Amino acid sequence: MAAIQALDVPAATPKGQRVPLDRRLLVGGVGLAIIVLAALAAPLIAPFNPIEQHLDARLQGPSGTYLLGTDNLGRDTLSRLLYGLRPSLISGLAAVALAAVSGTVVGMLAGYFGRWADAVLSRLLDLLIAWPTIFLALALVLVIGPGQFGVVLAIALAELPIFARVMRAITLSNVRGEHVEAARSMGASAPRIMVRHIFPFALSPLLVQFAIAAPLAVVAEASLGYLGLGTQPPAPSLGGILSDAELYLSQTYSAAVFPILTIALLVLSLTLIADGLQKMLDPRGAPVGL
Amino acid sequence: MSVQPASAQPLLEVRDLRVSFGEGESERVAVHGVSLTVREGETVALVGESGCGKSLTSLALLKLTPGGSSATADVLSLDGDDLTGLDEDQMSNIRGKRIAMVFQNPMSALNPVLTIGHQITEVLRRHMGLRGKAARARAVEMLELVEMPDPASRVNQYPHQMSGGMRQRAMIAVALSAGPDLLIADEPTTALDVTLQAQVMDLLQRLQKELGMAVLLISHDLGVVAEVADEVNVMYAGRIVERADARTLFREPAHPYTRALLQTVRDLESADTVDLAPIPGAPPALGQVIPGCSFAPRCPLVFDRCHVESPPLRTVGPNHEAACHIAEEVMSGKGSPDDRV
Amino acid sequence: MTESDRAVTDRPLLEVTDLAVSFKVARARGSWTRPVVRAVDGISLRIEAGETLGLVGESGSGKSTTGRAVLQLVPADSGSIQLEGTDLATAGANGRELLRKRVSMVFQDPFGSLNARMKVGDIVGEPLEIQRIGDRPSRRSRVTEILDLVGLPADAISRYPHEFSGGQRQRIGIARALAVEPALVVCDEPVAALDVSVQAQILRLLKDLQRETGVAYLFIAHDLNVVRHVSRRTAVMYLGKIVEEGPSSTLFGAPRHPYTQALTSAIPIPDPDAPRRRLVLTGEIPSPTNPPSGCRFRTRCPYAQERCAAEVPLLEPAGDGVSVACHFWKEIAASKETTEPAAR
Numbered sequence: 001m002a003a004i005q006a007l008d009v010p011a012a013t014p015k016g017q018r019v020p021l022d023r024r025l026l027v028g029g030v031g032l033a034i035i036v037l038a039a040l041a042a043p044l045i046a047p048f049n050p051i052e053q054h055l056d057a058r059l060q061g062p063s064g065t066y067l068l069g070t071d072n073l074g075r076d077t078l079s080r081l082l083y084g085l086r087p088s089l090i091s092g093l094a095a096v097a098l099a100a101v102s103g104t105v106v107g108m109l110a111g112y113f114g115r116w117a118d119a120v121l122s123r124l125l126d127l128l129i130a131w132p133t134i135f136l137a138l139a140l141v142l143v144i145g146p147g148q149f150g151v152v153l154a155i156a157l158a159e160l161p162i163f164a165r166v167m168r169a170i171t172l173s174n175v176r177g178e179h180v181e182a183a184r185s186m187g188a189s190a191p192r193i194m195v196r197h198i199f200p201f202a203l204s205p206l207l208v209q210f211a212i213a214a215p216l217a218v219v220a221e222a223s224l225g226y227l228g229l230g231t232q233p234p235a236p237s238l239g240g241i242l243s244d245a246e247l248y249l250s251q252t253y254s255a256a257v258f259p260i261l262t263i264a265l266l267v268l269s270l271t272l273i274a275d276g277l278q279k280m281l282d283p284r285g286a287p288v289g290l
Numbered sequence: 001m002s003v004q005p006a007s008a009q010p011l012l013e014v015r016d017l018r019v020s021f022g023e024g025e026s027e028r029v030a031v032h033g034v035s036l037t038v039r040e041g042e043t044v045a046l047v048g049e050s051g052c053g054k055s056l057t058s059l060a061l062l063k064l065t066p067g068g069s070s071a072t073a074d075v076l077s078l079d080g081d082d083l084t085g086l087d088e089d090q091m092s093n094i095r096g097k098r099i100a101m102v103f104q105n106p107m108s109a110l111n112p113v114l115t116i117g118h119q120i121t122e123v124l125r126r127h128m129g130l131r132g133k134a135a136r137a138r139a140v141e142m143l144e145l146v147e148m149p150d151p152a153s154r155v156n157q158y159p160h161q162m163s164g165g166m167r168q169r170a171m172i173a174v175a176l177s178a179g180p181d182l183l184i185a186d187e188p189t190t191a192l193d194v195t196l197q198a199q200v201m202d203l204l205q206r207l208q209k210e211l212g213m214a215v216l217l218i219s220h221d222l223g224v225v226a227e228v229a230d231e232v233n234v235m236y237a238g239r240i241v242e243r244a245d246a247r248t249l250f251r252e253p254a255h256p257y258t259r260a261l262l263q264t265v266r267d268l269e270s271a272d273t274v275d276l277a278p279i280p281g282a283p284p285a286l287g288q289v290i291p292g293c294s295f296a297p298r299c300p301l302v303f304d305r306c307h308v309e310s311p312p313l314r315t316v317g318p319n320h321e322a323a324c325h326i327a328e329e330v331m332s333g334k335g336s337p338d339d340r341v
Numbered sequence: 001m002t003e004s005d006r007a008v009t010d011r012p013l014l015e016v017t018d019l020a021v022s023f024k025v026a027r028a029r030g031s032w033t034r035p036v037v038r039a040v041d042g043i044s045l046r047i048e049a050g051e052t053l054g055l056v057g058e059s060g061s062g063k064s065t066t067g068r069a070v071l072q073l074v075p076a077d078s079g080s081i082q083l084e085g086t087d088l089a090t091a092g093a094n095g096r097e098l099l100r101k102r103v104s105m106v107f108q109d110p111f112g113s114l115n116a117r118m119k120v121g122d123i124v125g126e127p128l129e130i131q132r133i134g135d136r137p138s139r140r141s142r143v144t145e146i147l148d149l150v151g152l153p154a155d156a157i158s159r160y161p162h163e164f165s166g167g168q169r170q171r172i173g174i175a176r177a178l179a180v181e182p183a184l185v186v187c188d189e190p191v192a193a194l195d196v197s198v199q200a201q202i203l204r205l206l207k208d209l210q211r212e213t214g215v216a217y218l219f220i221a222h223d224l225n226v227v228r229h230v231s232r233r234t235a236v237m238y239l240g241k242i243v244e245e246g247p248s249s250t251l252f253g254a255p256r257h258p259y260t261q262a263l264t265s266a267i268p269i270p271d272p273d274a275p276r277r278r279l280v281l282t283g284e285i286p287s288p289t290n291p292p293s294g295c296r297f298r299t300r301c302p303y304a305q306e307r308c309a310a311e312v313p314l315l316e317p318a319g320d321g322v323s324v325a326c327h328f329w330k331e332i333a334a335s336k337e338t339t340e341p342a343a344r
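Residue numbers (this note's numbering), protein chains in the order written: chain A, 1 to 290; chain B, 1 to 341; chain C, 1 to 344.
In isolation and in its complexed conformation, chain A is listed as follows (with noise of 0.2 Å):
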């Protein structure tokens, strides 16, 4: 039999196949689970008070004792840095979290009343991703006073955006569906057709984006707590560890190395997730990266 050759493209990907749990994904959760497992057990394994002074070893290097040397007031940075990850996890987890919930509800709510509610809605928006996450944190504490409350809110309005451009998309594109329709014609309310017949079509797609803002929202807290804006000293945080141990390179780099490799490591974890599961989500987009 003659086969027509110039037909014989090669084969796509079978249809029906499952995903098989993505490489980026596994490795990003190990990282990540290894970085929430020490934060959570720091009182058992850290070997002293983060905040504990030993002014007679100030700026050392590892050594035994000192798995990771100490700081300018003889502090252990192992310890400093377990403890540090809490404030930051937790820090990041809820600018997120709260960037997620307000930015899908502003989204949803432009793309379905749509005309002014989306004009207004959407320029408040354009404002927001004006505004540098520095500059938003500096007007916040001038306003709130320094803390993590302040630096939570500041990168959740950063971020917000993120989740409400997203969620507009896809408001959009399922407004004016047959299955929306459908609901309106059985008397369905504005709210019930949000929640049961919009917002599930966004579930996979603010998970994606929820994986990449997470990392960001990480930076943004080191950058703020490496400015003062954050955690207040004493109390440990990644961002002032590293503010700390500045002042102290040319006489010890290991105060400052090793939190600029726990925040890498951190952020890396949560980017290899994000790309996971955007791939296993939406196989044919590109992985988002950073």
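Just so you know, these hints were derived from the structure itself, not from any lab.
The model shown is predicted, which means the values in this text are computed figures rather than measured ones.
Yeah, the Cβ is synthetic: ideal placement off N, Cα and C, and Gly gets one too.
One should not assume that every hint holds.
Claimed, not checked - Pairwise CB distance ranges (calculated):
1) A/Val-120 to B/Glu-141: 50 to 58 Å
2) B/Gly-333 to C/Arg-211: 25 to 33 Å
3) C/Ser-59 to A/Ala-169: 41 to 49 Å
Start from chain A and add chains B and C according to the hints.
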């Protein structure tokens, strides 16, 4: 213009065309050994419901089946030239020049960022070697030929500036500009309103006579087919289940599927007092494997043999073939709704 | 109940009077104002309990908008919609409640009209839930009952729409529409997306359900054969107006309006030997943003005269229960009678 006398050699001949997706165990066969013959100047229809493989068959004739599929045929020849061994370059000299195609949706066939004139002159340059003013004048002529209103200015317009009916005409003009011997028309009027449908079918028939082309009409609409086809092939689940000249097929269907389809369409024409006797179930999905005759699960005349043995397409009368174990009985009216009542 | 019993009730199930609906469409380039499309321009309809009114027309005729206006999915500019004697516009919340309980809709797209993230049981039960009809177990048993009525397997209740074929999905949509036991179902192109053999199943189902439940249909479609088959009466729309209305047998058998004549003669007949007497229209339906003056059909009408441009023809009785909106329908009918015997 007179239609040339039927020569011994058909214009298009396909023997045992197979199209499948996937390989090995996951292979799904969409077209199972279809054979077709189209003679010069003739209109041959390929009728069937969605997923029956009619569009894939027409794409395979041009070697345009989608990625991930593979197609084979024992014979694929155009006017005596073997097409099976041709590569992509050689095929692109056939497409548009000797075999052209029009589709259901003109927006998918026309390039949205080029004017209609540009799209016609491109074909003229590539296949006829016409350029410049001569090509442009010819493009306007083509638009006149398809009865485009105000062709001299429409030639400079983009597809989105035209109405649905005009786009359909523009697509036909592009397809016919190199003077093909065979036009494959895949549901050419399905997306159009009924009054436009009549305009476009009349146009296609007139052009076929004037240009002496053969037409392979792919359609689901038996009404349209009855109006224009010389020969009709009925497809079901990737196979041709019946083939006959149009008059025979509509008068004496030999396959229960053909007969049931015709009955449904005729019942619809009757008043609301007549009850429809629809074919139960749904056509199998593309590539779905059914043992024996693939129509057996929906057939009112099914018996044991149908579930084990796939009936071959066999001659049941002059210029009439059907793939049914009891085609003769079907032709004589056994098991028809009139018979049951 | 026999046909004559129904006819004597003075109050029709649905009475639409002088309905007009318009939309603003996107601004053209270089223009400051958004043009207004008068999609439906003063139409009146009447549907008796248990009957089917067919509404045919080509794309842009306003037939779908009419259906949506009846369900108040698009706001009407003017005119009244009376359901079982209640004017929906003036009755406020009570009118809305009456509408949702008595009128439902079947859509064209068997894929898009069902929420892919909901189970079939929840989809079919949703109107009951919204209307707060019955408690959870009684709703569940109503859903089971209605799924059986439309010919779906009992296990469909816990499956998702994507597991079903197009025809079965349309059955799910019909089940949802019938769940509240409505008096009227607006069917918008319910079979246009289906294969011929499946089309016939759905049409048969709709007719059987009408016989069993006494539901009335406003049946909107572009396919004349389908409309003729299911509706006792039919209205033909062109550019937002009804041009002819009457019993389907008369309307399709002896069309009076030139547009209806063109439509019916354009239907392809599945018989190679059938005589072709085609009145093929030239051109296409004009843009509804700028409809022709006078009779809207005049730009495509082979019989158009000066009067047609100046004066809008009104629907007038034309015998056999038919109404027609054409200045010259008598003359056209007379000329047909003289030419036709000669043609034969």
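Okay, the hints, checked on the actual structure:
1. For the pair A/Val-120 and B/Glu-141, the beta carbons lie near 56 Å from each other, so the given range of 50 to 58 Å is met.
2. In this structure, B/Gly-333 and C/Arg-211 meet the distance hint of 25 to 33 Å, their C-beta atoms being roughly 29 Å apart.
3. Our hint of 41 to 49 Å for C/Ser-59 and A/Ala-169 is violated, since their Cβ atoms are close to 28 Å apart.
The earlier numbered hint that this structure contradicts is number 3, and it is the only one.
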